[in-house]
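Asker: As a plain string of letters, each chain reads:
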Amino acid sequence: MPKPFTPKVVTATDLLEGDVVYLTADDQWSRTLSDAELIEDEAHAQLRLLFAEGQPEKLIGPYLADMAAGPDGPEPVHFREAFRRTGPSNYNHGKQAVV
Amino acid sequence: MYQYSEFDRAFLAERNAQFRAQVERRIDGSLTEDEFKPLRLMNGLYLQLHAYMLRVAIPYGTLNSAQMRQLALLAEKWDKGYGHFTTRQNIQYNWPKLRDVPDMLDALAEVGMHAIQTSGNTIRNVTADHFAGAAADEVADPRPVAELLRQWSTDHPEFQFMPRKFKIAITGAPNDRAVTAAHDIGLRIVERDGQIGYQVLVGGGMGRTPMIGKVLADFITGDNLLPYLEATVAVWNVIGRRDNKYKARIKILVHEFGLENLRAEVEKEFALRKAQFTGTDQALLAQIETMFAAPAFDVADTGGFQAQYDTDPVFRAWSDTNLSEHRAPGYAIVTVSTKAHGATPGDATAEQMRVLADLAQEFGHDELRISHEQNVILPHVHKRHLPEIHARLKAAGLATANIGLISDIIACPGMDYCALATARSIPIAQEIATRFDELKLEHDVGPLQIKISGCINACGHHHVGHIGILGLDRAGVENYQITLGGSANEHAAVGERAGPGFSADDIIPAIERLVLAYIDLREDREETFLATYRRLGAAPFKAALYPEKQSIAAE
Chain A
1 MPKPFTPKVV
11 TATDLLEGDV
21 VYLTADDQWS
31 RTLSDAELIE
41 DEAHAQLRLL
51 FAEGQPEKLI
61 GPYLADMAAG
71 PDGPEPVHFR
81 EAFRRTGPSN
91 YNHGKQAVV
Chain B
1 MYQYSEFDRA
11 FLAERNAQFR
21 AQVERRIDGS
31 LTEDEFKPLR
41 LMNGLYLQLH
51 AYMLRVAIPY
61 GTLNSAQMRQ
71 LALLAEKWDK
81 GYGHFTTRQN
91 IQYNWPKLRD
101 VPDMLDALAE
111 VGMHAIQTSG
121 NTIRNVTADH
131 FAGAAADEVA
141 DPRPVAELLR
151 QWSTDHPEFQ
161 FMPRKFKIAI
171 TGAPNDRAVT
181 AAHDIGLRIV
191 ERDGQIGYQV
201 LVGGGMGRTP
211 MIGKVLADFI
221 TGDNLLPYLE
231 ATVAVWNVIG
241 RRDNKYKARI
251 KILVHEFGLE
261 NLRAEVEKEF
271 ALRKAQFTGT
281 DQALLAQIET
291 MFAAPAFDVA
301 DTGGFQAQYD
311 TDPVFRAWSD
321 TNLSEHRAPG
331 YAIVTVSTKA
341 HGATPGDATA
351 EQMRVLADLA
361 QEFGHDELRI
371 SHEQNVILPH
381 VHKRHLPEIH
391 ARLKAAGLAT
401 ANIGLISDII
411 ACPGMDYCAL
421 ATARSIPIAQ
431 EIATRFDELK
441 LEHDVGPLQI
451 KISGCINACG
461 HHHVGHIGIL
471 GLDRAGVENY
481 QITLGGSANE
491 HAAVGERAGP
501 GFSADDIIPA
511 IERLVLAYID
521 LREDREETFL
531 ATYRRLGAAP
541 FKAALYPEKQ
551 SIAAE
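Listed in order, the protein sequences are those of chains A and B.
Take 1 as the starting number for the first sequence in the numbering used here and just add one per residue.
Take 1 as the starting number for the second sequence in the numbering used here and just add one per residue.
Certain hints may be false.
Claimed, not checked - Per label pair, the in silico range of CB-to-CB distance:
#1 Asn92/A with Ala391/B: 51 to 61 Å
#2 Asp137/B with Val77/A: 25 to 35 Å
#3 Lys58/A with Met291/B: 28 to 38 Å
#4 Lys58/A with Asp506/B: 15 to 25 Å
#5 Arg513/B with Asn92/A: 49 to 59 Å
#6 Asp66/A with Arg534/B: 39 to 49 Å
#7 Ala82/A with Ile27/B: 29 to 39 Å
#8 Gly342/B with Lys58/A: 51 to 61 Å
#9 Pro157/B with Ala97/A: 25 to 35 Å
#10 Gly342/B with Val77/A: 25 to 35 Å
#11 Gly70/A with Arg513/B: 31 to 41 Å
#12 Phe51/A with Pro547/B: 27 to 37 Å
#13 Pro38/B with Asp72/A: 52 to 62 Å
#14 Gly499/B with Pro2/A: 32 to 42 Å
The set of hints was computed from the structure by calculation and includes no laboratory data.
We put the CB at the ideal spot given by N, CA and C, even for glycine.
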């Protein structure tokens, strides 16, 4: 039996800055995970990924990352995505510094 | 130190201009990421978890004060005010922007530095004993040959698309401080019957299949060294595996093809290649050697050193752990720890880099070294200057007296930065150091090397740690495996896995149990952790790590 689809967001790296970015429901790229569109349908996820892959002039390596619905939008289900959302744990650098 | 020639400067300027154009073409869309990636990697530019990362080579770990100041400038102007010294004697900047990287490379070129071949399937930065040219136990300074190898391997047309990366380390001393046995090729300068030559080890390495290098040639004379190395790399380049990147390193070839067979192929290739070396390399080496002439060492009294040593316990503790024997009378080698308890191993701020540059210029014959242990060395310091040096290091947060002790931990960047990592390394190192500082035990414990990697690639050298820690992802949770009994010196050994891994919360108490068990088990304070482990084997250490198993067995 195929595995049930788990919710995703489209995420990538910004070409110029190197920052982690997320695709929003209105086709924008946000640095903030809570702004991201939480995709709950597999076919829609593939379309959104194609949309991202069509922007190589501003993005590197878009992919679908597993997320869960939280009170303030998508939340990571794996610690790797938690670090990408926040920044390193040894300094207050990266996204956590902006917040 | 080596001074760039007009040729070097012109080569680097052209290379940097090429990369600047490549960056522009990537930004304007003429190059896809797939096309650009190998180009940026050949110039040391990675894409990591949160940002780009620029890896700059510090050839054989040697720097002068102007170069160190330029590294500080890069940290301040284009990064977040710090740099990270790595286990390959490189420095990494964790936050550069793509548009800024060509300017960073131009700034490096101003002081004769670059990031070429710090990535990719090429011959990487040649590493060396960080005490080279200074150590009392040295047969010969390995840096002239290391510089020759740098020039030979840089942009070598035959070796730009090899099966995998290739790492060379060289030591000129019998006490191996360069972990030569864990490199694709390890070179050991030896003296036989009054003649200087090279023992060539091959097939060492860490990663998912750790192996200790084997002797490919016991004694190669200087004039044969370059053709012999070229023959070795060429043989592997042709017959090494390209079907599986995990089986592509030369250690796998040694394992599968056999040392004897490889030696025979290398000998055949050497015979062909030797004819092409008509002595130019030796003429160049002779020229390089003049640039590495020892400084004019001061002949002076050691001044207030002894009085300070006798009266200041902080200075004494630092002297006891952070100074090493120098070959010149009245001199010492100073190892500056980047590992204040709780700090990130290998990190130095721009301000700290400038303090180190100033000290090197004022007191250290303008020389600095970076060790694979991620510390900074002032290789030539007259002892009369040590009290002032210590005071200035202390003011800069650089006077931690812990070299070779439990808090002098090697740690890779791990998942805090690295895109390949499976778990974090840095917080584990910070917590171990902080914990043993609280216990005030580390000087009592004595020499003990902990090395931490955040994935199986083993950049943190965990395989050769007396205690190795490997961070893994177990079903979405960080998990840390312990290995015991590894060694990174001339008696290199790969550690043995102790048993099941520990969670991030449980790993620090586990290390504490292990070290306290060692204190109970050792015969006396002179018996090190490694010696005790070798005497008793793993069983009593495993018992300390897994007490619950012991209690189950006893029921």
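Asker: For this structure, which hints from the list above don't hold up?
Answerer: 1, 2, 3, 4, 5, 8, 9, 12, 13
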